[in-house]
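Line by line, the protein sequences give chains A and B. Just add 125 to wherever you are in the first sequence, counting from 1, and you've got the working numbering. Just add 395 to wherever you are in the second sequence, counting from 1, and you've got the working numbering.
Don't read these hints as lab results, they were simulated from the structure. Just so it is clear, the structure is predicted and the values come from calculations on it, not from any experiment. C-beta atoms are modelled at their ideal positions from N, C-alpha and C, and glycine is treated no differently. Errors might be hidden in some of the hints.
Here's a subset of chain B near chain A, in silico, CB distances under 10 Å, partners left out [as the list claims (entries may be wrong)]:
{"hint": "1", "residue": "I416"}
{"hint": "2", "residue": "L417"}
{"hint": "3", "residue": "I420"}
{"hint": "4", "residue": "F557"}
{"hint": "5", "residue": "L561"}
{"hint": "6", "residue": "L563"}
{"hint": "7", "residue": "F602"}
{"hint": "8", "residue": "M660"}
{"hint": "9", "residue": "V666"}
{"hint": "10", "residue": "P770"}
{"hint": "11", "residue": "R810"}
{"hint": "12", "residue": "I811"}
{"hint": "13", "residue": "P819"}
{"hint": "14", "residue": "N820"}
{"hint": "15", "residue": "Q822"}
{"hint": "16", "residue": "P823"}
Think about it this way: if two alpha-carbon atoms lie no more than 25 Å apart in a straight line, the pair counts; the simulated BS3-like pairs of lysine-lysine are [said to hold, decoys possible]:
{"hint": "17", "chain 1": "A", "residue 1": "K186", "chain 2": "A", "residue 2": "K474"}
{"hint": "18", "chain 1": "B", "residue 1": "K826", "chain 2": "A", "residue 2": "K152"}
{"hint": "19", "chain 1": "A", "residue 1": "K523", "chain 2": "A", "residue 2": "K628"}
{"hint": "20", "chain 1": "B", "residue 1": "K405", "chain 2": "A", "residue 2": "K732"}
{"hint": "21", "chain 1": "B", "residue 1": "K651", "chain 2": "B", "residue 2": "K541"}
{"hint": "22", "chain 1": "B", "residue 1": "K543", "chain 2": "B", "residue 2": "K834"}
{"hint": "23", "chain 1": "B", "residue 1": "K813", "chain 2": "B", "residue 2": "K489"}
{"hint": "24", "chain 1": "B", "residue 1": "K541", "chain 2": "B", "residue 2": "K750"}
{"hint": "25", "chain 1": "B", "residue 1": "K750", "chain 2": "A", "residue 2": "K725"}
{"hint": "26", "chain 1": "B", "residue 1": "K461", "chain 2": "B", "residue 2": "K492"}
{"hint": "27", "chain 1": "B", "residue 1": "K492", "chain 2": "B", "residue 2": "K405"}
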Amino acid sequence: MNIYPYISLIPLIPFIAFVLLGLFGRKYLNTLSGIIGTFALGVSAFLSLATAYQYFFVDGKVDGVFRQMIPLKYTWLQFSSNLSIDMGILLDPLSVMMLVVVTFVSLMVHIFSLGYMKGEERFATYYSFLSLFTFSMLGLVLSSNIFQIYMFWELVGVSSFLLIGFYFEKPSAVAAAKKAFIVTRFADLGFLIGILILSFHAETLDFQTLIARLTDPQSSQLLSITTASFLGVSMLTWGLVLVFAGGAGKSAMFPLHIWLPDAMEGPTPVSALIHAATMVVAGVFLVGRLFPVFVFDGAALIVVTYVGAFSALLAAIIACTQTDIKRVLAYSTMSQIGYMMFAMGVSGKGGEEGLGYMASMFHLFTHAFFKSLLFLGAGAVIHLVHSNDMKDMGGLRKYMPITHITFLIACLAIAGIPPFAGFFSKEEILLAAFHSNKLVFFVALFTSGLTAFYMFRLYFSIFWNKETKPHSDSHGEGPISMRIPLVILGAFALLAGFAPIAKLVTPDGREIETHIDVLFSLTPVLLAITGILLALRLYKKENDIADKIATAFGGFYRSAFKKFYIDELYLFVTHKIVFNLVGKPSAWIDKNIIDGMMNKLAEGTAKVSFEIKGLQSGKVQGYALYFFLGIMGLSALFIYILN
Amino acid sequence: MLNDFFILMKQELVLLAILFILLIIKVGNDWSNERLLNVINALLLINVVAGFIMPAEGALFGDMFKTNGLITLEKNILNVGTLIISLQSYSWLKNHKHLSEFYMLMLSTLLGMFYMLSSGNLLMFYLGLELSSIPLAAMANFDLEKRKSSEAAIKFILSSAFSSGLLLFGVSLLYGTTGTLSFTEITPHLTNAPLQIFAFVLILAGFSFKISVVPFHFWTADVYEGSPVAVTSYLSVISKGAVLFVFVSILYTVFKPLADVWYNMLFLLSVLTIVIGNLFAIRQDNFKRFLAFSSIAQVGFILVGISGSSPLGTASVIYFVLIYIFSNLGAFGVVSIVSALTGKENISDYKAFYKTNPLLSWVLTIALFSLAGVPPTAGFFGKFFLLIAGAEQGNYVLISIAALNMVISFYYYLRIVKSIFMDPNEQPIEKLTVPWMPKLALFLCLAGIVVIGLWSTIYEYIYSLSIGL
Numbered sequence: 126m127n128i129y130p131y132i133s134l135i136p137l138i139p140f141i142a143f144v145l146l147g148l149f150g151r152k153y154l155n156t157l158s159g160i161i162g163t164f165a166l167g168v169s170a171f172l173s174l175a176t177a178y179q180y181f182f183v184d185g186k187v188d189g190v191f192r193q194m195i196p197l198k199y200t201w202l203q204f205s206s207n208l209s210i211d212m213g214i215l216l217d218p219l220s221v222m223m224l225v226v227v228t229f230v231s232l233m234v235h236i237f238s239l240g241y242m243k244g245e246e247r248f249a250t251y252y253s254f255l256s257l258f259t260f261s262m263l264g265l266v267l268s269s270n271i272f273q274i275y276m277f278w279e280l281v282g283v284s285s286f287l288l289i290g291f292y293f294e295k296p297s298a299v300a301a302a303k304k305a306f307i308v309t310r311f312a313d314l315g316f317l318i319g320i321l322i323l324s325f326h327a328e329t330l331d332f333q334t335l336i337a338r339l340t341d342p343q344s345s346q347l348l349s350i351t352t353a354s355f356l357g358v359s360m361l362t363w364g365l366v367l368v369f370a371g372g373a374g375k376s377a378m379f380p381l382h383i384w385l386p387d388a389m390e391g392p393t394p395v396s397a398l399i400h401a402a403t404m405v406v407a408g409v410f411l412v413g414r415l416f417p418v419f420v421f422d423g424a425a426l427i428v429v430t431y432v433g434a435f436s437a438l439l440a441a442i443i444a445c446t447q448t449d450i451k452r453v454l455a456y457s458t459m460s461q462i463g464y465m466m467f468a469m470g471v472s473g474k475g476g477e478e479g480l481g482y483m484a485s486m487f488h489l490f491t492h493a494f495f496k497s498l499l500f501l502g503a504g505a506v507i508h509l510v511h512s513n514d515m516k517d518m519g520g521l522r523k524y525m526p527i528t529h530i531t532f533l534i535a536c537l538a539i540a541g542i543p544p545f546a547g548f549f550s551k552e553e554i555l556l557a558a559f560h561s562n563k564l565v566f567f568v569a570l571f572t573s574g575l576t577a578f579y580m581f582r583l584y585f586s587i588f589w590n591k592e593t594k595p596h597s598d599s600h601g602e603g604p605i606s607m608r609i610p611l612v613i614l615g616a617f618a619l620l621a622g623f624a625p626i627a628k629l630v631t632p633d634g635r636e637i638e639t640h641i642d643v644l645f646s647l648t649p650v651l652l653a654i655t656g657i658l659l660a661l662r663l664y665k666k667e668n669d670i671a672d673k674i675a676t677a678f679g680g681f682y683r684s685a686f687k688k689f690y691i692d693e694l695y696l697f698v699t700h701k702i703v704f705n706l707v708g709k710p711s712a713w714i715d716k717n718i719i720d721g722m723m724n725k726l727a728e729g730t731a732k733v734s735f736e737i738k739g740l741q742s743g744k745v746q747g748y749a750l751y752f753f754l755g756i757m758g759l760s761a762l763f764i765y766i767l768n
Numbered sequence: 396m397l398n399d400f401f402i403l404m405k406q407e408l409v410l411l412a413i414l415f416i417l418l419i420i421k422v423g424n425d426w427s428n429e430r431l432l433n434v435i436n437a438l439l440l441i442n443v444v445a446g447f448i449m450p451a452e453g454a455l456f457g458d459m460f461k462t463n464g465l466i467t468l469e470k471n472i473l474n475v476g477t478l479i480i481s482l483q484s485y486s487w488l489k490n491h492k493h494l495s496e497f498y499m500l501m502l503s504t505l506l507g508m509f510y511m512l513s514s515g516n517l518l519m520f521y522l523g524l525e526l527s528s529i530p531l532a533a534m535a536n537f538d539l540e541k542r543k544s545s546e547a548a549i550k551f552i553l554s555s556a557f558s559s560g561l562l563l564f565g566v567s568l569l570y571g572t573t574g575t576l577s578f579t580e581i582t583p584h585l586t587n588a589p590l591q592i593f594a595f596v597l598i599l600a601g602f603s604f605k606i607s608v609v610p611f612h613f614w615t616a617d618v619y620e621g622s623p624v625a626v627t628s629y630l631s632v633i634s635k636g637a638v639l640f641v642f643v644s645i646l647y648t649v650f651k652p653l654a655d656v657w658y659n660m661l662f663l664l665s666v667l668t669i670v671i672g673n674l675f676a677i678r679q680d681n682f683k684r685f686l687a688f689s690s691i692a693q694v695g696f697i698l699v700g701i702s703g704s705s706p707l708g709t710a711s712v713i714y715f716v717l718i719y720i721f722s723n724l725g726a727f728g729v730v731s732i733v734s735a736l737t738g739k740e741n742i743s744d745y746k747a748f749y750k751t752n753p754l755l756s757w758v759l760t761i762a763l764f765s766l767a768g769v770p771p772t773a774g775f776f777g778k779f780f781l782l783i784a785g786a787e788q789g790n791y792v793l794i795s796i797a798a799l800n801m802v803i804s805f806y807y808y809l810r811i812v813k814s815i816f817m818d819p820n821e822q823p824i825e826k827l828t829v830p831w832m833p834k835l836a837l838f839l840c841l842a843g844i845v846v847i848g849l850w851s852t853i854y855e856y857i858y859s860l861s862i863g864l
């Protein structure tokens with residue numbers, strides 16, 4: 126059976142669910158709306174899997190190369206005689222993989238929310254917003270041209286605004302939603318101008334044609350965009366960098382990341398959806414979509430590389446100092462997306478050089494599972510203790526065994542311990558960086574050690590450490606609808622690393638031979654283990670199992686850490702030096718300078734607007750005077766100076 | 396010949412007929428306001444429908460008056476807007492003593508705009524312009540017992556006279572240097588002579604005054620604030636739209652030889668207009684004043700599109716004005732209902748509006764989103780197309796400033812949405828019962844905001860008409 130004619134149903138079904146729940150949900154369907162939304166998404170997820178199966182394993186490949194397919198396309202608007210805006214669906218390995226990721230994670234979140242949001246007054250509204258978000262995200266992924274993607278891009282922004290601000294009785298949630306919207310909007314203006322530049326010179330909005338024209342050295346369009354320049358930089362580079370700026374906004378790359386930690390005010394399942402697997406990777410997706418042009422230009426790709434690497438490092442350092450568990454996860458997301466970005470950046474256009482691109486996509490794929498698992502796990506924890514702060518947690522493993530195990534799996538996966546999913550994708554990224562940019566490689570290596578450390582700091586503080594008793598009215602791990610997604614995602618966090626992404630998602634559509642080089646893997650894995658052990662030493666006090674694990678690692682551990690007092694030294698180094706001298710200042714700069722700069726900008730605008738208020742005095746003679754001055758000014762300028 | 400006369404001037408004649416009918420009703424009868432309003436709105440509906448029948452192309456009176464597909468379309472757009480405003484003002488007009496006078500004034504200005512749109516000669520243009528502005532001053536004074544309303548009227552008539560005087564000065568200078576007033580004959584005589592540039596600046600200032608371009612915009616806020624809401628929305632939507640239509644066609648055809656000059660002027664003026672409009676809009680608490688400044692910023696965006704100077708520019712401007720009419724009237728519609736029923740006109744009064752009036756809140760929100768340019772509302776497409784048209788000149792500084800200001804405008808539109816939905820309020824505006832006419836108008840606006848954006852035929856139709864010019 127051919128699935129392609131039905132692909133348009135994948136985004137349409139959530140859209141219908143949105144309309145249905147939005148219009149009738151609150152009045153007529155209240156408790157049913159969760160089931161309806163979840164069922165709709167189940168159908169979408171099923172169709173996506175069927176599409177992926179057919180594309181990857183039946184007919185996507187022609188002569189060993191995955192081709193781009195356009196199963197649906199029509200001219201939506203003939204904009205001018207030589208420019209038309211199409212609406213269509215573009216299938217290639219990138220979009221098919223994203224289709225699976227988005228629908229799958231969204232389905233998990235839908236199921237999880239059945240229990241998590243139960244009893245919420247605006248339950249139906251919540252599900253309608255979730256459906257709207259999923260619709261826009263799917264539309265974004267499937268877009269066949271740059272205008273369409275921009276439209277859905279903005280829609281994603283709107284729907285995430287609605288979801289983050291869902292608890293609108295909380296002023297902090299409202300502020301966070303507004304901040305997320307405005308900051309990403311600010312970034313989108315770069316995207317918008319980038320689109321205008323690229324499409325103006327390429328004379329098309331269609332991705333395939335645009336890429337073909339801008340990578341063909343003979344084409345007149347390429348000549349026009351490379352010869353035009355602004356401030357000494359070619360328009361091609363400008364266009365790409367601006368498009369990337371839009372992507373960096375959505376993907377929370379430095380310095381546009383400031384909205385992400387605040388956005389944690391939204392309901393936790395929403396964070397699992399938006400801030401783990403879907404919206405935040407839109408930027409990576411966008412770079413991937415225009416990848417041939419990025420590689421062709423090169424200069425813009427360097428920007429991508431360094432912004433990615435720097436964000437990865439910065440976010441990891443800050444994550445070590447946070448005590449709000451969702452904020453730790455937020456920074457960790459930013460750090461992991463930094464990985465994906467610089468992996469894109471160090472990639473070449475095809476063949477073995479295309480490893481970085483593949484690795485980036487691979488990491489996007491595995492990260493989606495373990496990070497949404499982490500968020501959902503955190504949600505379950507918050508559900509139990511009614512607090513986001515680590516200080517209120519500890520020893521929870523007894524009360525929530527399933528959450529505990531799945532959370533541990535996710536932590537191991539993100540730390541890059543074999544054979545968990547994150548190990549494989551991170552290996553490929555490191556390998557790609559190693560072959561093309563040593564500086565980035567070392568940054569990545571160091572960051573991966575840090576990642577293991579802060580993730581296990583989180584893990585131990587929640588599930589071990591001191592004993593806390595949950596409230597007597599405790600509902601344990603929540604209903605079964607909250608446990609099932611955890612288990613499923615846990616299984617994927619364990620197994621997703623074996624997915625044959627290298628064979629499927631590559632820049633030129635040909636498969637890449639990969640093999641795990643044990644010697645190469647040794648360093649990052651050892652670093653990760655060191656990070657974990659360090660976290661173990663520091664945060665897993667007050668219990669004896671800790672000692673058992675320590676003995677399992679043998680005499681070396683004891684002698685190294687106890688006998689030579691390296692433990693104390695480490696404590697001193699980490700707490701006094703690393704935290705106080707690096708971590709805290711970074712967090713401070715982030716909060717006060719980067720964030721503050723945006724605030725200052727807004728304040729400045731408000732101030733100027735206050736200052737010029739005097740002009741509007743209410744006196745007509747004054748108005749006439751300005752009118753007259755305007756005429757004189759214009760005449761003088763254009764008659765004497767510019768003529 | 397006589398046939399031509401009736402066919403080409405069909406829209407003007409229908410309006411005139413309606414005016415006479417109103418006059419006769421006023422003189423001979425003592426109808427209740429309710430009945431009058433029903434009749435008038437029915438007549439306006441007929442007017443809208445008649446506009447679409449038998450579009451014709453041609454000129455009359457030695458090229459004084461001309462019409463074609465595009466001009467007919469522009470007049471139709473204005474007709475639709477007028478009908479919506481009339482429906483929206485139902486609650487306010489129902490209790491007004493001078494109902495038929497209000498409509499007579501309004502339709503006279505509309506007639507003036509039609510003549511202005513069809514003008515083929517500077518004299519005709521000036522005649523239309525004056526006919527479309529003097530009655531407006533009387534309309535601004537229509538909240539008879541309010542001082543602010545009279546103040547608005549006086550300010551409007553004084554500023555308007557001032558700007559007309561200078562415009563007329565420009566026209567006479569142009570006549571002096573070219574020896575003609577006919578549009579088609581002026582063009583070949585235009586060079587970059589300083590006197591002609593000066594004449595052009597004066598004429599440009601006249602236009603800029605009407606469409607509130609900075610620094611010729613100062614009257615806007617005071618007049619908008621003081622006038623009754625119906626008049627404010629008429630000023631900001633219909634009057635502005637009509638002048639914008641004429642402005643585009645005159646720039647693109649008559650002043651084509653001066654394209655280099657006016658391109659740079661538009662660049663300067665649009666930057667000023669967007670920035671100043673936005674900066675003022677941030678601080679306003681009076682809803683009408685806020686909409687006044689935000690509409691100034693919108694005009695700045697339109698100037699960006701105009702600066703593209705291509706058929707794309709014409710098409711995207713007309714398309715945007717069409718969208719702007721529906722979005723702005725959506726917002727004004729809610730404000731006008733609230734103002735008529737409760738007298739409240741401040742943004743802070745709208746806190747927690749959603750709790751008591753969910754339907755009106757949604758209409759207002761969607762209208763504001765469309766003004767801000769959030770997809771999938773039509774405003775998004777309109778602004779995007781304006782920017783594409785502007786980008787044709789390759790002036791990315793202008794585009795960047797415009798795009799940056801889109802973000803600022805986002806901020807203040809969102810601020811209102813936030814207070815409607817999220818801010819707590821002890822005494823929110825009570826639950827309002829909206830009569831069917833304003834309700835219908837609001838649904839028309841909503842439908843417009845959704846359909847005009849997504850139904851591509853509308854844009855394509857406008858574009859196909861623009862190419863011919």
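query: Which of the stated hints cannot be reconciled with the structure, identified by number in ascending sequence?
result: Violated hints (numbers, rising): 1, 2, 3, 6, 7, 9, 12, 14, 15, 16, 19, 20, 21, 22, 23, 24, 25, 26, 27; every other hint is consistent with the structure.
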